[in-house]
Amino acid sequence: MKGIEGLKAWQAAIQEQRDPDATWIAVCAGTGCLSQGAADLAAALREALIRHSLEGKVEVKETGCRGFCEQGPLIVIHPEGIFYPQLKAADAERIVSETILRKQVIEDLLYQDPVTGRRHIHEGDIPFYQKQMRLVCRLNGVIDPTHIGDYIVHGGYQAAAKALFEMEPVQIVEEIKRSGLRGRGGGGFPAGVKWESCRNAHGEPKYVICNADEGDPGAFMDRSLLEGNPHSIIEGMIIGAYAIGSHEGYVYVRNEYPLAVRNLQTAIERAEAHNLLGDNILESGFDFHLKINRGGGAFVCGESTALMASIEGRVGEPRAKYVHTVESGLWNKPTNLNNVETWANVPLVIEHGADWFSAIGTETSKGTKVFSLVGHVNNTGLVEVPMGITLREVMFDIGGGVRGGRHFKAVQTGGPSGGTIIVDTTGAARPAEDRDEHERGPALVPESLIDLPVDFESLTEAGSMMGSGGMIVMDETTCMVDVARYFLNFLTEESCGKCTPCREGIRNMLAILERICDGRGQEGDIDLLQEMSDTVADTSLCALGGTAPNPVLSTIRYFRPEYEAHIRDRRCPAGVCTALIEYSINATKCTGCHACFKACPTDAISGEVKAAHVISTAKCVKCGSCLDVCKFDAVVKQ
Amino acid sequence: MPTLTIDGQTVEVEEGKTILEAAEQLGIEIPTLCHHPLLEAYGACRICTVEMQRGKRVRMVTACNHPAQEGIEVQTRSPRVLRHRRMIVELELGRCADLPVLRKLADDLGIDRSRFGTGEHECILCGLCVRTCWELVGARAISFANRGTDREVTTPYHEFSDACIGCGACVAICPTGVLKMEDIKGRKVIHSELTLGPQRAIRIPFMQAVPNAPFIDPDECAHFTTGECKVCAKVCPRDAVDHQMEDQFEEIEVGTILVATGHDVIDCSEMLRYGYGLYDNVITGLEFEKLSHATSPTGGKILMSNGEPPKSVAILHCIGSRDENYKEYCSRVCCMYSLKFAHLVREKTGAEVYELYIDMRSAGKGYEEFYKRNLEEDVVFIRGKGSEITTWPEAPGEEGKLVVKCEDTLLGTVRRLPVDMVILSPALQARADAAKVAQTFGLGCSRDGFFLEQHPKLGPVQTASDGIFIAGTCQGPKDIPDSVAQGAAAAANILSLVDRGSVVIEPITSVVEETTCGGCRLCISVCPYDAARFDEEKKVSVVDEAVCKGCGTCVAVCPSGAAQQRFFADTEIMAEIDGLLAEIGDRHQFPA
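Keeping their order, the protein sequence lines are chains Y and H. Everything in the first sequence is counted per our numbering, starting at 1 for the first residue and increasing by one. Everything in the second sequence is counted per our numbering, starting at 1 for the first residue and increasing by one.
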């Protein structure tokens, strides 16, 4: 195959074989849906098709993640685009017999909006998808990642061909610079500037690396891209390598992503077989070899220098970056490292041009960003939104608001290194007399933060960071001290331990947070935490330590009274820290139904039927089972 | 050459230097824990964090690895720097025991007690040992294991590592002393003060060595084991270290040779009853000599292996000498050096000294007087050879002591002497390679293995081979004055030959008749003086007349009669025999 013409001819040939009006079923086979039974569903669909003698006529395609993981397993029936969420294998028969054969929409299988109660037929009508701008993820639910033909038919590798045959390397760098594409791994460094520095750096060979060591708790953007559309990353890396002058690349992917590794490996093999990777790509004279390097599960290996040390076979620990990796990285050679999502954006920029790309987003943050929206929100899943969208739009319009009618408390972005931002003071939603004493303290944060635009600068200013795209929504039942403790616990275990402030600082900060949560907090602990944060942030070797105090600082910044309540009043306002809460039974509300008596695992509840029950605080382990079973709101948590 | 400002002082440094090096140039001290000039900067302890301003941007950077860039302004003791430095030291103290290296830093920063308590760890995780093992030694035997607070320095899987070459570099560089070595390479530590740690790979052979320069022992040197290290070359300011250098064999043509190869001492560990090698404080005379020398590891102090001075010392004469089981001869030097040791021990420690002797042989100028002086210094002389050393106590006062058993032949009783230290006076013996050397130089050996002189009275430095002389203990046990005298005599003999420029050779030598020699080389194999050689061109044997002593051995073995002795040709001898056997009446007749 030679040049763009060859590629286009191949695309046309595949297109010719395919009937655009043919019916086919896209079964989401992302890890989320697979864990909920997508594989069984696909098998059941195939069996049902055989029963109805439709094999060979209707194709069942297992695609990458469609993002709406909350509703998995889910399918889309093409060409009509009928969207059925939360299916079971048993639904397969009905789907085939009614929707496929008789073209009837099955009403009760359709998605029902939890807020409005309306049912929607098409994916595009669902609020979850309406405000999204799916560019990087556009093919995720459409193509079978293990079939290169699917990618080709959607114009795959044409951006790479365009770069190789119609553009000079300098031109590509210029285009990327002009597009305003910034690193999606967290730092937000302009990709084009990085490429240019690496291109101009002295030393051969040069390397390009794709950082797929996604380790933030709750984040799975890179995983979905690698699983659902690995070719887009390969294509991005080919373009990058050509622009920089590199002939060798690595994808550093964590071994906890077995499907991602498998799909990527398959994609590399297919691309090599079709002369899209390896020597003399598309007969352009350009060589590029790509290898997969599997990570051993250390969070710190997501840090670029630690990642490179790991590829080199050394202990994955960072080194000082006073000499940049673009000048001296992997094996002390110029190395350009970008995140999965950054690489996946590259073909889009080259295909549509820098002007098209830079038209999306804000002044300083261009394009879209994929977030994994998780936590106490109605619609969890993977969302791709244009930069500059407000937090309100993400959480209320796309996320469908907080679950169970509770109040928003905060959103945490940027992973363990990021910060927690209050987006809705509970006071705004509740009358003043209902507010706790601590909430009436100094105004924590302007309510306008809920309309904070999601871009690199705004998030940083608000005390958090963009990070790689984790977005954890928390409602009023979340204790902010506990949140800080959780992230510091994670970081204590994941610190590589090389430098003192990170290793010892985080450990001791965790110890202080633990004692606060345990009701043993001391006056001055908040100041000490801030003092330690200052040193840890200022003197740590790498970004892991440098940003580790963020969860502590941002929660102190917005929720200081909550800390003070823990320390001074020995009280956890959110009712999370077990050492600080007590369960009791409101005798006037208790009907003596005996439900709590039966539920209590430690026999801490006593009382006769039809009489008010009592909880023995000495026996109570604060598991909350009584609260869950009580139908009369008689169990009180304080 | 970048110019930068540190604490208000401007300094110009070479390209590629770090802020730490620039500060050193100014005499500004920045504390460090994980830095070492021979290792690549690591930036782990963060103690050296300084405040750096470039343009308007102020950042905290580590001085050990941040390049000294043009125009930067560095503050090494600003309030912000000190605040961070205190916090880091406090954090480190919270993890570690009160180690001296941390205590000093804490005192300098005015930290009395860490707010994070006191930990138990003795390792500060500075990584100096790991990096030494990887970067310098190249053995890569130890590394960091585990993450975060579980991080530790260890060998793979905590197992004994084959990769460890036992060089001890990690121990030497460890700032806390937590790394320790034991029983390296199975080397038994006999007296810890004498063999502390492993043998240094680079050393001056002995104090008065000529030239007084160090050499590298390839058997001990890490570079010859791992191919890396070369620390010595890195630190040598004169670039004098050359790892490529090898032993060279040089051939020098000379007219005379003086053999002065010295002696060995008998291996005391073979004589099990003296417990040498078994008990820490049983040492040999040479070891004592080294111990009491001003340049010894103890600085000349006489100490036991536990670092304490001994309260009683026994000196045993004739260990292997005058002993039919080992050496029958007297080693001549032991009596006098033992007296010297006794004197030194009395003078340096005041310990009680026992001299166990068979006979006191103090023949020599001033020797008897020295013996008497020792008597006056209250050294206890016991006539009787030490027979055994044991640590098995039989009486109170013997516990924890070395007990020397002997027969006091003056008192006529067997005695047990409990002492702290025993010095053995081992026999002098011919060198192990004496026979080989003798063969090389055509020397003879006496029954005891020492080289044989030409004549015990008239030719004490000459040998049977002309031009080859001997001197010193290779000829037999003798003390330093005798060795010097013998050496001087040999030198005078050699000089007289050199001055003459020619040698008088024996008139009676062998010759090989070329025309009849069959080339069998029997003559070469039997010649005791290496005078015969084979002429490859002519295929005949040739006798070097300058070397030939005219012994006639070759003549006797020559099957073809080609080897003949001048003035003693077969015909001449036959004629002489005929003459001897002729009848009386014919005595005036000459044979035809």
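There's no promise every hint is true.
[Unchecked claim] Using 30 angstroms as the maximum straight-line C-alpha spacing, the simulated BS3-like pairs for lysine-lysine come out as follows: (1) K365(H) - K348(H); (2) K538(H) - K321(Y); (3) K436(H) - K348(H); (4) K401(H) - K348(H); (5) K177(Y) - K17(H); (6) K549(H) - K538(H); (7) K321(Y) - K478(H); (8) K321(Y) - K177(Y); (9) K365(H) - K321(Y); (10) K340(H) - K385(H); (11) K589(Y) - K619(Y); (12) K478(H) - K372(H); (13) K230(H) - K321(Y); (14) K589(Y) - K610(Y); (15) K348(H) - K17(H); (16) K333(Y) - K478(H); (17) K631(Y) - K610(Y); (18) K340(H) - K333(Y); (19) K610(Y) - K637(Y); (20) K333(Y) - K17(H); (21) K131(Y) - K2(Y).
Since the hints were made in silico from the structure, they are not lab data.
Hints, verified against the model:
About 26 angstroms separates the Cα atoms of K365(H) and K348(H), which keeps this hinted pair within 30 angstroms; it holds. Using a Cα cut-off of 30 angstroms, the hinted pair K538(H) and K321(Y) is violated, with the two alpha carbons roughly 79 angstroms apart. Of the pairs offered as hints, the one joining K436(H) and K348(H) is violated, with about 43 angstroms between alpha carbons and a cut-off of 30 angstroms exceeded. Only pairs whose Cα atoms come within 30 angstroms are accepted, and K401(H) paired with K348(H) is accepted, the gap being roughly 21 angstroms.
With a C-alpha separation of about 34 angstroms, the suggested pair K177(Y) and K17(H) falls outside the 30 angstroms cut-off, and the hint is violated. As the CA atoms of K549(H) and K538(H) are separated by approximately 24 angstroms, the hinted pair is consistent with the 30 angstroms bound. For the given pair, K321(Y) sits about 70 angstroms from K478(H) by alpha-carbon distance, which is inconsistent with the 30 angstroms threshold. Using a Cα cut-off of 30 angstroms, the hinted pair K321(Y) and K177(Y) holds, with the two alpha carbons roughly 23 angstroms apart.
Between K365(H) and K321(Y) the CA atoms are separated by roughly 76 angstroms; this puts the pair beyond 30 angstroms, and the hint is violated. Proposed proximity of K340(H) and K385(H) is supported: the alpha carbons are some 19 angstroms apart, at most 30 angstroms. Our distance criterion of 30 angstroms between C-alpha atoms is met by K589(Y) and K619(Y), whose separation comes to about 22 angstroms. For the proposed pair K478(H) and K372(H), the alpha carbon gap of about 22 angstroms is at most 30 angstroms, so the pair holds.
Pair hint K230(H) plus K321(Y) holds up; C-alpha atoms about 28 angstroms apart against a cutoff of 30 angstroms. For the hint linking K589(Y) to K610(Y), the alpha-carbon distance of about 12 angstroms falls within 30 angstroms, and the restraint holds. With a C-alpha separation of about 51 angstroms, the suggested pair K348(H) and K17(H) falls outside the 30 angstroms cut-off, and the hint is violated. Distance check on the hinted pair: K333(Y) and K478(H) sit about 69 angstroms apart at the alpha-carbon level, beyond 30 angstroms; violated.
A threshold of 30 angstroms between alpha carbons decides the hint, and for K631(Y) with K610(Y) the separation of about 14 angstroms falls inside it, so the pair holds. Annotation: proposed proximity of K340(H) to K333(Y) is violated, straight-line Cα distance about 68 angstroms (limit 30 angstroms). Distance hint between K610(Y) and K637(Y) is fulfilled; the C-alpha atoms sit about 22 angstroms from each other, no more than 30 angstroms. Note on K333(Y) and K17(H): the hinted pairing holds, with a Cα-Cα distance of about 21 angstroms set against a maximum of 30 angstroms.
Taking the CA atoms of K131(Y) and K2(Y), the gap is near 40 angstroms; set against the 30 angstroms cutoff, the hint is violated.
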